[in-house]
Structure formats: C-alpha cells, structure tokens
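Engineer: If you want the building blocks of each chain, they are given just below.
2 protein chains.
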Amino acid sequence: MQLSEDDLIATLFAPMAGPGGLGLKDDAALLVPPPGCELVLTKDALVASVHFFPEDPPDCIARKALRTNLSDLAAKGADPLGFLLAIALPAGIDADWLRVFAAGFGEDSKTYECPLLGGDTVKTPGPLMISVTALGSVPAGRMARRTGARPGDLIYVSGTIGDAALGLQARLDAASFTALSSLHRAHLLERYLLPRPRNALARAVRDHANGSMDVSDGLVGDLTKMLKVSGVGAQVQLAAVPLSDAAQAAIAARPALFETAVTGGDDYEILCTVPPEAALSFESAAGAAGVPVTRIGQATAGAGPQFIDLSGAGRVFARGSFSHF
Amino acid sequence: MQLSEDDLIATLFAPMAGPGGLGLKDDAALLVPPPGCELVLTKDALVASVHFFPEDPPDCIARKALRTNLSDLAAKGADPLGFLLAIALPAGIDADWLRVFAAGFGEDSKTYECPLLGGDTVKTPGPLMISVTALGSVPAGRMARRTGARPGDLIYVSGTIGDAALGLQARLDAASFTALSSLHRAHLLERYLLPRPRNALARAVRDHANGSMDVSDGLVGDLTKMLKVSGVGAQVQLAAVPLSDAAQAAIAARPALFETAVTGGDDYEILCTVPPEAALSFESAAGAAGVPVTRIGQATAGAGPQFIDLSGAGRVFARGSFSHF
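So the protein lines, in turn, are chains A and B.
In terms of our numbering, the first sequence has 57 at position 41, counting the first letter as 1, and numbering is strictly consecutive.
In terms of our numbering, the second sequence has 327 at position 311, counting the first letter as 1, and numbering is strictly consecutive.
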C-alpha cells in the first residue's frame, strides 16, 4: 500500500512530535528556548550507499541518522531539545518499510528525549537521503568548543575506539574476519550499524571539559582537527587508546587493523580535553553517568599530535582521517 | 579543479557564516535566542529534477532553496535568525558550479539578514539535493498559526498568484505560450525560477493576522488546508484573486490556465486571515512594508472553501493542490 505524504506524516510521524511540532500541521515548528539557555544546532545528512547500506534494517537507518546528530549535541555538552527531519524517498520504498523506519525514529526520540519538531518529505529519483537537524540547549556560555583545548589539558575519549570501523571492514570483507568469534564479529557489526551517542556524558563535558568534539571521522584525524583549531599540540599514548575485546581480538589476528581502528570513522564517542585540576571531578561525573572514559594523552604547547607507541617511538598514520565526503 | 570538503567549507561557505556559525569550524552552531522571543523552525528540502531543473543557474537553485524556507518564516510572522544547510553533491558538480551556488546563498543571506550557522556536505550517487533548516524569531506567543483562522476573518493574499505555476508550464510547454509577449513570458519564467519571499510582511502578519501560511502548493489547496485545520469555511471571490499582467495575458489567451494559476504551486506568497477590525491596520502595515495585499474573501462558520466566479456561481477545482511529494 502506498501512503500519501499527508498520511505518512499524520500516521507515522505526528505521534512522535513534541508540543513544538504543532501536530506537524503547520508550516513551521515553535520552540520556546529554556530560560537562561543557549541553543546548539547540528545538521548531519546521510545518503544510502554512502553512509549506510540500503539493505540495513530501516529502523537502524533511522536511528543512525538521529544518533549521529545526538552525538554532536553530546560532545558540545548540550541536552537534546528536538529535531527536524527531511527525507528524500526513492520509488522503491513502501509503506511497510516506512513504518519500521518511522518506528526507529519514534523509539530513539523517546529514549533520548528528543521530540520531532517538523520537517519535509520529498520524492527523489536517487538514493534515500535523510537530513536531520538537531537542537539542544546548554546553560548560557557553556557550550564545549572544538577550539577550547589548552596546553596541559588531559585528553580523554569515551567508550572504545575503532569498533565501528572494524565492523564496516568485517562487513565489506567478511573473509578476513573469520578468525573472530561470532560474538566479537557481532559486536563490531553492531557498533557500525548503530551508534551509541554519549548524551549521558553531556553534563560532565560542559561542566569540566575545555575542548570537545565527537569522534566521527576517526580518532587520529578528529584529534588533529581539534588541536589545529585550538592551536595546541598533544602527546598521545597509543597503548592507552581504549579497545573493546572484539577490537583487540581482531587486531591480534591482523595487527594492521590497529590503524583502521584509530583512523576509521563512525565511533560517535566523545573526545575531550580536561584541565588537570578538573580531572577527578570529570572522571567522577562520567562514572556517575555510567560512561567509561579513558585518558589517552595530554595537550601541549606544540602543534599537532604526536602518537607514541609501546616502545616509546613516534608513529605517523598515512591516512589520518576518514571522510564520508 | 576539485575542492576538498574542508576547502569547500572554508573558502565558499565560511565567509557567509554568522557569529553563531563559529567559523564553521565546530561540530555545531551556537544560537543565543533574542530575549523574550520564541523560535520558529522550518525545513524544506529540494531535489534536482523534482523541485528545480538541474540546468538552472546554480545561484538561482541556491536562492530558491533558502527562499522557500524564508517564505515559511515570513508566513509565521517570524524574522530570520539564520540557517543550516545540508547539500548532497553528485559527481558532476565542479568547483566553478559550487562557487556560483555558494555565492547565491551568500547574497541572499545578506539580503534577508539570515546568516549561515552550519550544515553538512556529503556526496551522493544520485541527484543534487539541498536541505535547508531556517530559524526565525517571534515575540513570545506571537507566531501566526495555520490553525488560527476564525469565522468572519477577511482572507488576504500578498502579491500575485499563479505566476510561478504558469512559468513552469511555459518552460515545459513553450509552444503553448507563443501568444505571450517576451516580457510577459520572462516575468512568468522568472517567478518560477526565483521565489520572492514576503519577509517584509512578517511584522504585519504577526501583529494583525489570526491564521497564516505561505502559498507553496497552490492557493486552492493551501487555503483548503488552512480552513480544515482551523475548523472554518470560507467564501472566496475568484475575480478578486490578484493576477499579474503576464498571468492575465496568459489566461486571456488560454482560459484553462486560470485553474493552473490558482491550483499550481511555487507562489511563495502569504495567505492570511485578519479580523475585520484589524483590516485597516493590516493593510496599512503591508503598505508601509511595500508588500501589496489583496482581500479575496472571508472565513465563515462552515467547512471548506466556496469559490465563487464572476457570474456568482460556485466553482469546484478538480485538482486542489500541487504536491511535490
């Protein structure tokens, strides 16, 4: 059964609209900013066959589209206020697919307390494209900037690094991952399919971090970007980079995959720098939020990152950053 | 010459970023809402070959993408605060095209005082797609709603109706418009190519209108939608619908084009309802803003619109509304 645009909006998307969405019956949404807050805005677009596999479960595609944006809010120390959604639908998409797709947005919208505010639905002769604009709030003056890293700051990452990049590799080249247990393979594949944005860490970030960004294009490249715009350098202990059991097993079987792990994309973890005197408070706040954080190095007065391996030698990565562009 | 994503952003888009865009160097934008204001948010997506011709001048494509969103803000009585932009670029787009495209955004961004705040640039194997999210502000409680029309309200439209729909027809079927003067044909084509959003009317709308929306999917269909969500009816004098000289000439040559004019899309005029006691103030404010407005009918306690022609007979339109979906 085909749905008209009006049916699609009324039956699938209106139920997840927040009060500001006005039932998705108006030209625009209305947002009353929380008193004393500033707004943080982010917009990430995803294209089928570029940012996800068209055959992925539709609810996972939807969740990924929202979660990549939620991850940006988390890294800025912002709490979600809502999102707008534009989808360009190719002809092959049917009502059943759309129901599951919308349900993915609906569930994450509840989980992350990020109601739908509005959007647009159009047809395309090309691939499915999803454009999400997410809005968050921070107390005035408290957005964590990418430019905020200072010499002496300790550098932290949340969770584990590289799982999604290894998951993508495992998906593209399953034969090379046969040494992995099915449990480890499943872990990596799932991390690629479904980011887990660290919104629980937002408050610890805005309260304690100087510089912050999310790791979406690879730890090495993203750290390099943050250092550059902050005008600082860094020493990073590669042995300290947190790896999951699955990533460790994959790298043990094929050591070259370490570079994939630290330069690949789609981590959606938080990379932030914290002044030493705030380190204990930050770690404690992260612990209370249930988000593991690991110190991987320290910012310096130099320029660019120095990556130091177990032997104490510097390491240079040929491919610093993954770019979806 | 190919531009990298970073070059593209730094050289073409960063110059039009507002202070909240943080030089387009962060993961997100920061917006400090004006004190006492609420935010109005809108998001319209455009796909090549669906919403515009891929061979259109790139600056016009950019302007149209921004202006369709600005039109939504104007209809809500909101003043622009800024916009976010996601573009999905197909392989054939080169740096020269992008420069002209970005210049279109840059100029309109100045004209409408709507700075770029952020966005995303991705590649696509499909057609060019542009997704704009525009933000505006209204004094608290003053957004003009589509649901606000009340029985007795006078119904106004800004500017002239049907030019863009006739322009699209003239483009698709030039042979049928040979009776038109080249000046008239150029007028219609230009109205299709480049909407002129009525942001100058925003204040008059928020100060005086009960119900308001922009006319993007055809006057007949859009009025029907507004009446439905407002729970009112209306009587509309078709002879009162404002037509440009060019539209009048086209319709004089082919009377069937009247239906195209009132049911076609892309007008980007404002349709609003004003209580009779505010009519003079509204007309005077519109005059001061330099925006022509025309009274075309009156809302009633009934349901749906009645369209009345010159002979006093009711007229029903087979195709109420144009849908891009």
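Treat the hints with care, since some could be wrong.
Identical chains blur together in the list; that is why a pair holds if it fits in one copy or across any two.
Stated by the list, open to error - Straight-line Cα separation of at most 25 Å, DSS-like style, residue types lysine-lysine; simulated pairs:
# : residue 1 : residue 2
1 : 41        : 139
2 : 41        : 241
3 : 126       : 139
These are computed hints drawn from the structure, not numbers from a lab.
Engineer: Indicate, hint by hint, whether the structure satisfies it.
Structural biologist: Do the hints match the structure? See the list:
1. 41 <-> 139: Close inside one copy (20 Å), not across copies (32 Å); limit 25 Å.
2. 41 <-> 241: between (41 Å within a copy, 9 Å between copies)
3. 126 <-> 139: So residue 126 and residue 139 fail the 25 Å test inside a copy (27 Å) and across (31 Å) alike.
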